[in-house]
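Undergrad: Residue numbers (numbering that gives the first Met the number 0), protein chains in the order written: chain A, 0 to 555; chain B, 0 to 338.
I should point out that these hints are in silico values taken from the structure, not numbers from a laboratory.
Backbone N, C-alpha and C fix where the C-beta goes; we use that ideal spot for every residue, glycine too.
It is possible that part of the hints are untrue.
Residues of chain B clear of chain A, computed beta-carbon distances all greater than 12 Å [stated by the list, open to error]: (1) Leu7; (2) Met16; (3) Phe234; (4) Asp244; (5) Val327.
Per the computed footprint, the stretches of chain A lying under chain B, defined by three or more beta-carbons under 8 Å from a beta-carbon of chain B, are [claimed, not checked]: (6) 179-187; (7) 251-260; (8) 312-318; (9) 363-376; (10) 421-434.
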Amino acid sequence: MIARLFKFKGGVKPASHKDESAAAPIRVAPLPSHLIIPLRQSARAMARCLVQPGQTVLKGEMIAAAEGPLCTAVHAPTSGTVRAIAPQPVPHPSGLPAPSVILDPDGQDRWIERQPFDYRSVPAQETRTYLRDCGVVGLGGAGFPSHVKLGPGEKGIETLILNGAECEPWITCDDRLMRERADGILAGASIMRHIAGARRILVGIEDNKPQAIESMRAAVQRLGEADIEVVAVPTRYPAGGEKQLIRVLTGIEIPYGKLGTHFGVQCFNVGSAHAIYRAVAHGEPLVSRVLTLSGNMTHPGNFEVLIGTPIRELLPLAAPRADTDRYLMGGPMMGVALLSLDTPVIKGTNCILAGSPTLFPPPPPEMPCIRCGECAKVCPAELQPFELYWFSRARIFGKAQDYSLFDCIECGCCSYVCPSRIPLVDYFRFAKGEIWAREKEKAAADIARERYELRLAREEREKEEKAAKLAAKTEAGRQKAAAALAEAAKPAATPEEDAKKALIAAALERARAQKEQVHPENVSDLTPEQQAEVAAIEGRRAEIREMAKPHLRQDD
Amino acid sequence: MNNSPYSLKPASVQSVMLRVLCALLPGIAAYVWFFGAAILVQIALTSVTALAAEAAMLALRGKPMRQFLTDGSALVTAWLIALTFPSIAPWWLTMLGTLLAIIVAKHLYGGLGQNPFNPAMVAFALMIVAYPQLMSQWPAVGAADFAAQLNAIFGPRQLDAITMATPLDALRTVLRDPEQRAAIAGLLGSHATFGNIGGKGWEWVAVGYLAGGLWLIQQRIITWHMPVAFLATLFAVAGLFTLIDATQFAPPLFHLLTGGAMLGAFFIVTDPVSGATTPKGKLIFAAGVALLTWIIRSFGAYPDGIAFAVLLMNIAAPLIDMYTQPPVFGHKRKEGEPR
Numbered sequence: 000m001i002a003r004l005f006k007f008k009g010g011v012k013p014a015s016h017k018d019e020s021a022a023a024p025i026r027v028a029p030l031p032s033h034l035i036i037p038l039r040q041s042a043r044a045m046a047r048c049l050v051q052p053g054q055t056v057l058k059g060e061m062i063a064a065a066e067g068p069l070c071t072a073v074h075a076p077t078s079g080t081v082r083a084i085a086p087q088p089v090p091h092p093s094g095l096p097a098p099s100v101i102l103d104p105d106g107q108d109r110w111i112e113r114q115p116f117d118y119r120s121v122p123a124q125e126t127r128t129y130l131r132d133c134g135v136v137g138l139g140g141a142g143f144p145s146h147v148k149l150g151p152g153e154k155g156i157e158t159l160i161l162n163g164a165e166c167e168p169w170i171t172c173d174d175r176l177m178r179e180r181a182d183g184i185l186a187g188a189s190i191m192r193h194i195a196g197a198r199r200i201l202v203g204i205e206d207n208k209p210q211a212i213e214s215m216r217a218a219v220q221r222l223g224e225a226d227i228e229v230v231a232v233p234t235r236y237p238a239g240g241e242k243q244l245i246r247v248l249t250g251i252e253i254p255y256g257k258l259g260t261h262f263g264v265q266c267f268n269v270g271s272a273h274a275i276y277r278a279v280a281h282g283e284p285l286v287s288r289v290l291t292l293s294g295n296m297t298h299p300g301n302f303e304v305l306i307g308t309p310i311r312e313l314l315p316l317a318a319p320r321a322d323t324d325r326y327l328m329g330g331p332m333m334g335v336a337l338l339s340l341d342t343p344v345i346k347g348t349n350c351i352l353a354g355s356p357t358l359f360p361p362p363p364p365e366m367p368c369i370r371c372g373e374c375a376k377v378c379p380a381e382l383q384p385f386e387l388y389w390f391s392r393a394r395i396f397g398k399a400q401d402y403s404l405f406d407c408i409e410c411g412c413c414s415y416v417c418p419s420r421i422p423l424v425d426y427f428r429f430a431k432g433e434i435w436a437r438e439k440e441k442a443a444a445d446i447a448r449e450r451y452e453l454r455l456a457r458e459e460r461e462k463e464e465k466a467a468k469l470a471a472k473t474e475a476g477r478q479k480a481a482a483a484l485a486e487a488a489k490p491a492a493t494p495e496e497d498a499k500k501a502l503i504a505a506a507l508e509r510a511r512a513q514k515e516q517v518h519p520e521n522v523s524d525l526t527p528e529q530q531a532e533v534a535a536i537e538g539r540r541a542e543i544r545e546m547a548k549p550h551l552r553q554d555d
Numbered sequence: 000m001n002n003s004p005y006s007l008k009p010a011s012v013q014s015v016m017l018r019v020l021c022a023l024l025p026g027i028a029a030y031v032w033f034f035g036a037a038i039l040v041q042i043a044l045t046s047v048t049a050l051a052a053e054a055a056m057l058a059l060r061g062k063p064m065r066q067f068l069t070d071g072s073a074l075v076t077a078w079l080i081a082l083t084f085p086s087i088a089p090w091w092l093t094m095l096g097t098l099l100a101i102i103v104a105k106h107l108y109g110g111l112g113q114n115p116f117n118p119a120m121v122a123f124a125l126m127i128v129a130y131p132q133l134m135s136q137w138p139a140v141g142a143a144d145f146a147a148q149l150n151a152i153f154g155p156r157q158l159d160a161i162t163m164a165t166p167l168d169a170l171r172t173v174l175r176d177p178e179q180r181a182a183i184a185g186l187l188g189s190h191a192t193f194g195n196i197g198g199k200g201w202e203w204v205a206v207g208y209l210a211g212g213l214w215l216i217q218q219r220i221i222t223w224h225m226p227v228a229f230l231a232t233l234f235a236v237a238g239l240f241t242l243i244d245a246t247q248f249a250p251p252l253f254h255l256l257t258g259g260a261m262l263g264a265f266f267i268v269t270d271p272v273s274g275a276t277t278p279k280g281k282l283i284f285a286a287g288v289a290l291l292t293w294i295i296r297s298f299g300a301y302p303d304g305i306a307f308a309v310l311l312m313n314i315a316a317p318l319i320d321m322y323t324q325p326p327v328f329g330h331k332r333k334e335g336e337p338r
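This is chain A alone, in the form it adopts within the complex:
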């Protein structure tokens, strides 16, 4: 039993809108007409493509292999034929296309041969590699590779936290998952505990999901393992933020730039735990996930969707209303507006939210900041957003960093409450972007300067070496000349004259030495015949030179 809950400062309580989509059980979405599977699923690194256009693949077949420490494999979400490998738009704020495999399903949905993975009889490292090759990443949104998070880190993991808080309004996919597949989630957690060597498991669920809490508690009873506790945490956005949930459950505050493992704690989304369970116990790589379709829709609900399903093909399942003017991926607090409906569902897609002018009215015009401090009261990172706003707006980025700009988690609480309707988070994103751009520029400039300095140093060194050689040579010549002078034995000569003569002699000696050194390589060691030929050629050239002389003069 954990003794007590801790509190995180700040936070807001927006209308939850959970009821719309939480009532109905998870339904399996029908096979789409085609799938677009980005090769960059783990948000950090691009996988190496293993398939060719025209190739047929089975469901769960690896189509791209992990490369590098932060990369995870990518699998075919269903059986079918690879149509193409081409850049496709992906749901990312940049709207930039990313290399993707386009797959035409054959309608059979035939699996590869699936084998449970015996994680108990192999070292943890091997299970982590297996998870990497099953493409398991965090399903909470950030898409960080799970095998990396399960690594030993500095201190090892003492406490494993399952994040079922789901604090964003509208989203209920984790809620449904916990209600319907609690055993799988806990089995996954148990596997993770084994891999990470963690002592206890804490499951944090916001207290607005009593059924999920009950379901998970019942599953804990059934599992019968020690040190697993389901904890109801107060409903307050962003209680599901990783740092906030860790704080609430353990009292540990993880500062910017530090990871959970530094403090012996690691946090996983409940969906990720379920994915790990499917991978290990059933040999199924991560090819589908549960997501919420909600917002301005007539039939909101939760759906099990294949990764790569074009969002356009999902929408009819929940029937958006006619006045829908935009779609968000994620919730209303931190979601990203979709620039195109042809973008696919990726592993981090937990919700597609239909928006309308009534649901998300355009904000009224921005007013000046009156320093009321409401933003500071609700900031879970305990920043002073209005100060950061002044600095960001005035482009005083150094000051913004002094005021811990990068500790901002962009949860949106400040913008949510601001009476002046200032889009504070936008200012912070802008400032962070500018700082990153400048640092990159500075890094590039540093490299260029370093290279230039290295070149200067090298040139200097070469010059010195040349000078040293020359000096050595001169010294040798001088000694020779001095010896010659001594032989001549001219006592009348003044030391000055001696020196001069010595110099002249040295110069002559040098010139001679140089002449000796420079001898044509190709004309040495010639046979008499060759010498005769050379002489003949020289003769002819002399004749030609003579003949050419008058003409040359005319030309002058």
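Could you slot chain B onto chain A? The hints should help.
TA: What follows is chain B alone, placed relative to chain A:
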């Protein structure tokens, strides 16, 4: 297309300002009850003047008129001027003060959110320096002869019947007269000007402000820091000096319930634009105002010192903020150590 967050709490500068105005109503009601309806005339006068000046400045500065004129900030300044000036001051005096507050103290410094000094306090300070006589003629308690009050405002002025020294002024007179010097506490209730605790009538106006101020805290418009620090400091320093010499210094509750103390604690010191903003900074700021107020009241040339105290602390506010930045999540104590 705007970015996340997409759902916003219904909040606006206008709603903040309107709630501040609402919170002033109990105090105003008590004011009218004890001192007549002149204050309402002054409030109308300053409101119209402030809105006109605001509109003119917005037009000059090319700012969106509708958006800024309706934000309510000019009205808050106007009402505070009306409530800090004597309610029977001549019309041109309050009007001049209001014009200075809106045009100079607010817009010449950059308008809403940019003014380093509290505009209402700038108006008060300038006027009391320029017209000390007119700024010291306060309505007598109970003398609610509205016609005479109107005459005082719009002329011809016949003040004797309707004015009275304020409690702070009366106290000053008493303290300067060695014969009357007794324990000041004994004066309360026995003197025409003094009520049970503070000034007669004024103590109830102060209670009205207190009620409105508590409601503002409940509404999350202001935090408890400033009023508590202000009132506690004033109480503590006054209490300390009463203990030292009860014949020289007024008792603490007297200080809290006279002059502009309650209005200052909840409505003037708490101006977020010109004050400190961090929790610790708010405590320091408000305590500073209270200390300076007590010093000016006890030793200065002016009967009440809140305006000067606020302006002095306004200058220090940015520095106070800079040195009182609260620690950020995760950077508080030894890393990861539970609280």
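Undergrad: Run every hint past the structure and note whether it holds.
TA: Hint check results:
no., hint, in the structure
1, Leu7, "violated, 6 Å"
2, Met16, "violated, 9 Å"
3, Phe234, "holds, 25 Å"
4, Asp244, "holds, 40 Å"
5, Val327, "violated, 4 Å"
6, 179-187, "violated (count 0)"
7, 251-260, "holds (count 6)"
8, 312-318, "violated (count 0)"
9, 363-376, "holds (count 12)"
10, 421-434, "holds (count 4)"
Of the numbered hints listed earlier, those contradicted by the structure are 1, 2, 5, 6 and 8.
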